Structures are given as structure tokens and as C-alpha cells.
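Asks: All chains, full assembly: derive it from the sequences and hints.
Listed in order, the protein sequences are those of chains A and B.
Residue 120 in the numbering used here sits at position 53 of the first sequence, with consecutive numbering throughout.
Residue 255 in the numbering used here sits at position 250 of the second sequence, with consecutive numbering throughout.
No lab work stands behind these hints: they were computed from the structure.
Certain hints may be false.
[What the hints assert, rightly or not] Non-contacting residues of chain A with respect to chain B, defined by C-beta distances greater than 12 Å in every case (computed):
# : residue
1 : 127
2 : 418
3 : 421
4 : 425
5 : 439
[What the hints assert, rightly or not] Simulated DEER-style distance windows between Cβ atoms:
#  : chain 1 : residue 1 : chain 2 : residue 2 : range
6  : B       : 118       : A       : 304       : 48 to 58 Å
7  : B       : 300       : A       : 222       : 54 to 64 Å
8  : A       : 471       : B       : 300       : 34 to 44 Å
9  : A       : 281       : B       : 148       : 36 to 46 Å
10 : B       : 42        : A       : 281       : 15 to 25 Å
11 : A       : 468       : B       : 184       : 38 to 48 Å
12 : B       : 167       : A       : 305       : 33 to 43 Å
13 : A       : 265       : B       : 40        : 42 to 52 Å
14 : B       : 146       : A       : 438       : 55 to 65 Å
15 : A       : 281       : B       : 146       : 34 to 44 Å
16 : A       : 222       : B       : 85        : 27 to 37 Å
No experiment lies behind these values; they were computed from the predicted model shown.
Yeah, the Cβ is synthetic: ideal placement off N, Cα and C, and Gly gets one too.
Single-letter residue listing:
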Amino acid sequence: MLKQTEGSHAVAESVALCRPQVICAYPITPQTHIVEGLGEMVKAGELVDCEFINVESEFAAMSVAIGASAAGVRTYTATSSQGLLFMAEAVYNAAGLGLPIVMTVGNRAIGAPINIWNDHSDSMSMRDAGWIQLYAETNQEALDLHIQAFRLAEELSCPVMVCMDGFILTHAYERVDVPTQDQVDAFLPPYEPRQILDPADPVSIGALVGPEAFTEVRYLAHHKQLRALGLIPQLAAEFRKEFGRNSGGLIRTYRTEDAETIVVALGSLNGTVQEVVDEMRGGGSRIGSVSICSFRPFPLAATREALQHAKRVVVLEKCLAVGLGGIVSDGVRKSLSGIVLNGYTVIAGLGGRAITRGSLKRLFQDAERDELEQVTFLDLNADVISYELERESKSRRTGPTAEAILRRIGTVASGIG
Amino acid sequence: MVKFYQTGTFTVGNRLLKEDQRSVQADMHRTNSLNSGHRACQGCGEALGARYAIDAAMQATGNQLIAVNATGCLEVFSTPYPQTSWQIPWIHSLFGNAAAVASGVAAAQRALGRTGVRVIAQGGDGGTTDIGFGCLSGMFERNDDVLYICYDNEAYMNTGVQRSSATPPAARTATTPALGPSPGNVFGTGKNVPRIAMAHGIPYVATASVSNLRDLERKVKVAMGIHGARYIHIFVPCPLGWGSASEDTIKIARLAVETGLFPLFEAHDGEVTASTPIRHKVPVAEYLKLQKRYAHLFRNPPDLERIAQIQMMADRNIEKFGLLH
Numbered sequence: 068m069l070k071q072t073e074g075s076h077a078v079a080e081s082v083a084l085c086r087p088q089v090i091c092a093y094p095i096t097p098q099t100h101i102v103e104g105l106g107e108m109v110k111a112g113e114l115v116d117c118e119f120i121n122v123e124s125e126f127a128a129m130s131v132a133i134g135a136s137a138a139g140v141r142t143y144t145a146t147s148s149q150g151l152l153f154m155a156e157a158v159y160n161a162a163g164l165g166l167p168i169v170m171t172v173g174n175r176a177i178g179a180p181i182n183i184w185n186d187h188s189d190s191m192s193m194r195d196a197g198w199i200q201l202y203a204e205t206n207q208e209a210l211d212l213h214i215q216a217f218r219l220a221e222e223l224s225c226p227v228m229v230c231m232d233g234f235i236l237t238h239a240y241e242r243v244d245v246p247t248q249d250q251v252d253a254f255l256p257p258y259e260p261r262q263i264l265d266p267a268d269p270v271s272i273g274a275l276v277g278p279e280a281f282t283e284v285r286y287l288a289h290h291k292q293l294r295a296l297g298l299i300p301q302l303a304a305e306f307r308k309e310f311g312r313n314s315g316g317l318i319r320t321y322r323t324e325d326a327e328t329i330v331v332a333l334g335s336l337n338g339t340v341q342e343v344v345d346e347m348r349g350g351g352s353r354i355g356s357v358s359i360c361s362f363r364p365f366p367l368a369a370t371r372e373a374l375q376h377a378k379r380v381v382v383l384e385k386c387l388a389v390g391l392g393g394i395v396s397d398g399v400r401k402s403l404s405g406i407v408l409n410g411y412t413v414i415a416g417l418g419g420r421a422i423t424r425g426s427l428k429r430l431f432q433d434a435e436r437d438e439l440e441q442v443t444f445l446d447l448n449a450d451v452i453s454y455e456l457e458r459e460s461k462s463r464r465t466g467p468t469a470e471a472i473l474r475r476i477g478t479v480a481s482g483i484g
Numbered sequence: 006m007v008k009f010y011q012t013g014t015f016t017v018g019n020r021l022l023k024e025d026q027r028s029v030q031a032d033m034h035r036t037n038s039l040n041s042g043h044r045a046c047q048g049c050g051e052a053l054g055a056r057y058a059i060d061a062a063m064q065a066t067g068n069q070l071i072a073v074n075a076t077g078c079l080e081v082f083s084t085p086y087p088q089t090s091w092q093i094p095w096i097h098s099l100f101g102n103a104a105a106v107a108s109g110v111a112a113a114q115r116a117l118g119r120t121g122v123r124v125i126a127q128g129g130d131g132g133t134t135d136i137g138f139g140c141l142s143g144m145f146e147r148n149d150d151v152l153y154i155c156y157d158n159e160a161y162m163n164t165g166v167q168r169s170s171a172t173p174p175a176a177r178t179a180t181t182p183a184l185g186p187s188p189g190n191v192f193g194t195g196k197n198v199p200r201i202a203m204a205h206g207i208p209y210v211a212t213a214s215v216s217n218l219r220d221l222e223r224k225v226k227v228a229m230g231i232h233g234a235r236y237i238h239i240f241v242p243c244p245l246g247w248g249s250a251s252e253d254t255i256k257i258a259r260l261a262v263e264t265g266l267f268p269l270f271e272a273h274d275g276e277v278t279a280s281t282p283i284r285h286k287v288p289v290a291e292y293l294k295l296q297k298r299y300a301h302l303f304r305n306p307p308d309l310e311r312i313a314q315i316q317m318m319a320d321r322n323i324e325k326f327g328l329l330h
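Replies: Structure representation (C-alpha cells):
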């Protein structure tokens, strides 16, 4: 059924259709509307056979999810940014125990400085925790990925994180097609646990494992994600057949077949990238883009295949490996092992800074002329940077950095040239 | 020559008691849910307390029990990979989340319609009073159907005897060494979690000791007859951490009760409803002397001031709970 609705509500409806049995969450911007929506559905009796629990912290949210999932029920939670960090210990724990929890991460920057707007630093911080990570490009895909996520998680006994850009997707109103309960039931059968806490058949879960077996347990977790490389496209194909649209999969290519310059990005940014690609194609550029949906497991083979013929690759990242540069770039580089081409890392959109078509077009044109640095911060205000560095070199007690910069920039904090 | 011994009811044992008055531990059909083979120290009070409590809970629920364990001695010594001592469904997640995980397990039972299956969360004082405090309070506040049992050996024992908020004043731990002008743990610090539990207004709170087996078992059974958030705080001596003899565990646990330092009481809905009277009051020194963690109080000259402060704490408990008649 077609609806014009907020991204958060689309996800709430999608999760509800997946018949979750326990939902537990702690509020944090910009995930709040998802959980509020689900809470309303439970309270109104629309979502039945589901326990909705208001917990006292994100650490408690993931912990309640661990308990519920280990006891054999389909479990869901959602968080962002600081909340994801607060539950970090439990995030690793859920993956290590092999519990098929599905969690939405409404991507938001991690502080300090505190910032509520979108970037990928939160989910990137948990990239090696053992969770499968899928990035949604649109509200429709965010809706669809949750349905695929439960199926994927339960088949592999591995938790899945569905990442959707905070505000850009969570709070934007878009037209979505909400499937029927029958359609979802046909795609997603009832949960059959690999392990369950049951008095009828007692087991001990969470034992101490020493050096003699730890490596094997970790290898099996790695192997599980390698299997996901096959299962993810399989589920996407099945989804296309049942629901009639492309959602999910490992990567999606856009006009890359004869491209000399290929841009790689995650999430909603791809929408803008594709528009700039179209504009530049109109001007004769041989340019295309790759949207990575499955960031974990990282699709090395698929990415290599998509990029290997290009002269140059521009990786647009909404995250930063402080002291190194790019995070997504690492995976892309690895996929191109042995192939010589020009690779550029562009850090963009941190803390919700707008990424405009104009900026991207100038950037891609610079790339085409190979006039880019190895690592570029898109639309960096060089004036502010040099002023601050000089100020810091002149005295010791310079005060908080952020406040000084804001004073320098003035009130238009997110404005760009 | 005939020797005639007069003994009390407890030493006579269960033969003269009706079936329903006998302890669960004396029952041939007790589940022994924490089975032998675990790696606890000789004389470990926590191993004893856990066995007592879980067996009682199993009898009370018809063996329909799931346990959630915090990281700590109990979890480590009971599940050295690839072995487990537990005869019940059991999960260990993290150090500070046992109460929250248990809330999740309880919610799952409701979702599955398994009304008879009950949930116990358990951990040491570290995992309960400090790092697990947030999740504990959350579970209490929601009145989740979980019985939380804290085995209190008054320090972080598993990591080498470091101080917790349950460590009593003057006690030596690795992080409150017996050095300087105020050796041992500082006076005026510490948390009384049973009272904090009562402040949440939960249906049932109780303290128990491994020296009072039947009292402990009765309290667990009372707890399992109630739905909602419940808390039992069990005093468990630790020979290694306290520097006491392994064979003195029950004796020390009894002395803690008889000095008044560890009052036994029950509370319903935030109000104390019963307490166990002390039959013969014992001065605190007799309890302290058996433990090397208090050895610095008994040098030459003894630290009479601090011993008196500890005695005052005991006397305050006796007055507050009306433990002497």
C-alpha cells in the first residue's frame, strides 16, 4: 500500500509486520519516532503478541534484547550515536553469542563535540563487532531492509544492524510502498532458534573460553559473515521476486560500465551523487557511482568487479578515521589489491553538513583532472582552520576549541560557500 | 558407660520434622542445580549460597527456572569451558547487565505464553551494587518479574579482592590496603542495597545468610510465590578474600548475624515486615578476629577506636531492626 510517511514511521510499520515479540529501546535523537511508533502500535493493540519495554539506558536496551533473543523470541531495538557507544559492550556480546537481534541505527555523529545531525561515525565505530551492517539509500530501502534483516539474522544466527541516515531519512517524508502482512509472512517464517533457554532442555550459554578454543570460535563468526556474502544477494533476489523492487544486496552500480571515474558512497548520499553523475554525463564525462549496501561483510569481490576498469575511484565518506583518513576507503583499497588506479578519499557531511550538488560537481571535476589530494575534507573552511591554528600557537589557555570556532564562523554553522 | 548428649533441633536434623518442614538440601530429590565439579575454592560461601538458593527456587517452581548470571566468581567457577555445573538453563552475558538480561528473558516467557517459567538474575556484590546498579534499578522500577539474588562477599573477589561499595569499613582489600593512618576501607562509605531495593517499593526484599539454611530457603520460596521485582541479598563469606579458614565459612556467616552486623529481615512493598532476632549477642571482635582482612585492627596495641566504630554499626542495626528482645 502506498503511503506518504516519515522514514521513521515507515520503519516502524515494517518492523511491526515482521512480528517482533520483544521490543526494547531507550530514546535518542534521531531514532525516537521509530520506537514511539512501535510503542503506540503495541499499546493500541495493533501489534499483538509483542512486549514493549521502556528501558533505563541503551546498555539496558541491548541487554534486554540479549535476554529475550536467547530465550527464543524475535527481538528488536534501535539507537544512534552516543547510545550505540553506550551499549558497545553488549553489541559485541550479542554478536559473540550469535543472537539474531535486529537493530536500526539512525546514523548520527558521535561527540565530542555533541552533535545530533547525520554522519556515519556511530555505526562505523561498531564495524568490527561482528554485526552485519546494511546501509539504506532511501526510506523505501530502509523499510525493505528490516524485513530482509530479520530473515538474514535468523538464518545465520547473527545480529544485523540496519543503518539509515538520521534526519535525512528518519525525518523526511517520502512515498513508500508498505507491504501486506501476508507478503511479509511469506518471506519471513516464524523464528526457529539455534539455541534457547528452556527448562525442558537446559543449556549453559556464555561460558568462559580460553586460548585453546577462542580462535576457533572467532573464526566461525568470521566464516558466518563470509557466508552472508552469498546469502545477502540471494535474499535480495528473492525479495525482488516477492515484492517487485530492488532493495538490499551487496552493492548497486550506477552508470559504471564505461566509467573512468567512479564514486563510492554509503546511504542517502548516493541519491545526490547519482544526480550529479547524470548532470556530468550530460556534459560528456565518463563517470558513474557505486552504492555499498552491505558494509559488513565488506563485498570485496563485488566492489573489485565494479571498480577495476576505472582510472580513478573517489570514496565519499561520512566518517573519519582520525589520524588516518578514510574508513570505507580501506575496504575499497583492499578490494582493489594488485590493481593500480588513482584512489581519493573525501571526507564529507560530518555532523550533518549539507553535501550539495554544486560541491560534488566541483569535486568530481577536480577528480577527473586528478587534481585532488589523497584525503580531502569537502568544503572545509580553510580560513577558520588557519585562524584557529595561529591562535593556538600564540597562547596556552585558548579555551574550548568548538566555542572558538563557532564564534569565528558566526551563527550560520552549517553554511557553506 | 553411656554418654548422653543433649542437642538442639537442628542437629537432630530432619528425621523428626514433617516432610514440608525439612530443608530442600536434605531432600533426596533436590535438583542439585549447581552440580559438583565446579572450581570454587574450598569453603566458598557463594557456591553454598547459590546451591541453596537455586535448589529452593527449583522446588518452588516445579523445576521451571531460567538463571541469568553476572560475570564474577560464580560464573567463572561454574562454567570453565567446555564444562558447566549448571543443570538448569543458564546464561552469562556481561558484568553489569544481569538484571536487564533477566528482564528480557522474563519478557520472552510472556511473549511465548510460558506463564510457569520463572527467572532468577544472580551476581556478586560487584556486579550488583556497582557496575550493575543502573540495570538493577531499572528492573526494580519496571517491576519486572525477576528475582535478583546478590551473593555478597563484600569485594570484587574474582579479579583479586578489590573494594566494592559493599566492602565494610576497615576491611582490607587490594585497593583499600592496610596502610597509613586509616588502614582498610574508609568509614562513612558504602551502599545498603536491600534498603535501596525497598525504596523502589518492590513487592519483596530480604536478606539471608548461608548460616541460616532454612531461613534462606523459606525466603527464596516466598519470593518465588510473588510476581514482580524481588531482591534477596545473601551474606557469603569468602575464605580467600577475607583471609579466613575454609572450615569457618558457616561459623563466620553465623557470627555476622549474631553480632548484628548482618541483620536478617524481610520487607514487603518497601516496609520491613519481619526480622530474625539474635539469640545471643556476640561482640563484633569475635567475628572480626577470624578474618585476616581485619588483622590490622588487632595489632599491638589493638585499634580500639575502629573496633568501637564497627560495634556501633552493629548496635545501630540491632536497634533499628529490633533484633534483641
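Asks: Look at each hint and say if it fits the structure.
Replies: Going through the hints against the structure:
no. : hint                       : result
1   : 127                        : violated, 4 Å
2   : 418                        : holds, 29 Å
3   : 421                        : holds, 38 Å
4   : 425                        : holds, 47 Å
5   : 439                        : holds, 45 Å
6   : B:118 to A:304: 48 to 58 Å : violated, 36 Å
7   : B:300 to A:222: 54 to 64 Å : holds, 60 Å
8   : A:471 to B:300: 34 to 44 Å : violated, 56 Å
9   : A:281 to B:148: 36 to 46 Å : holds, 39 Å
10  : B:42 to A:281: 15 to 25 Å  : holds, 22 Å
11  : A:468 to B:184: 38 to 48 Å : holds, 42 Å
12  : B:167 to A:305: 33 to 43 Å : violated, 53 Å
13  : A:265 to B:40: 42 to 52 Å  : violated, 19 Å
14  : B:146 to A:438: 55 to 65 Å : holds, 60 Å
15  : A:281 to B:146: 34 to 44 Å : holds, 37 Å
16  : A:222 to B:85: 27 to 37 Å  : holds, 32 Å
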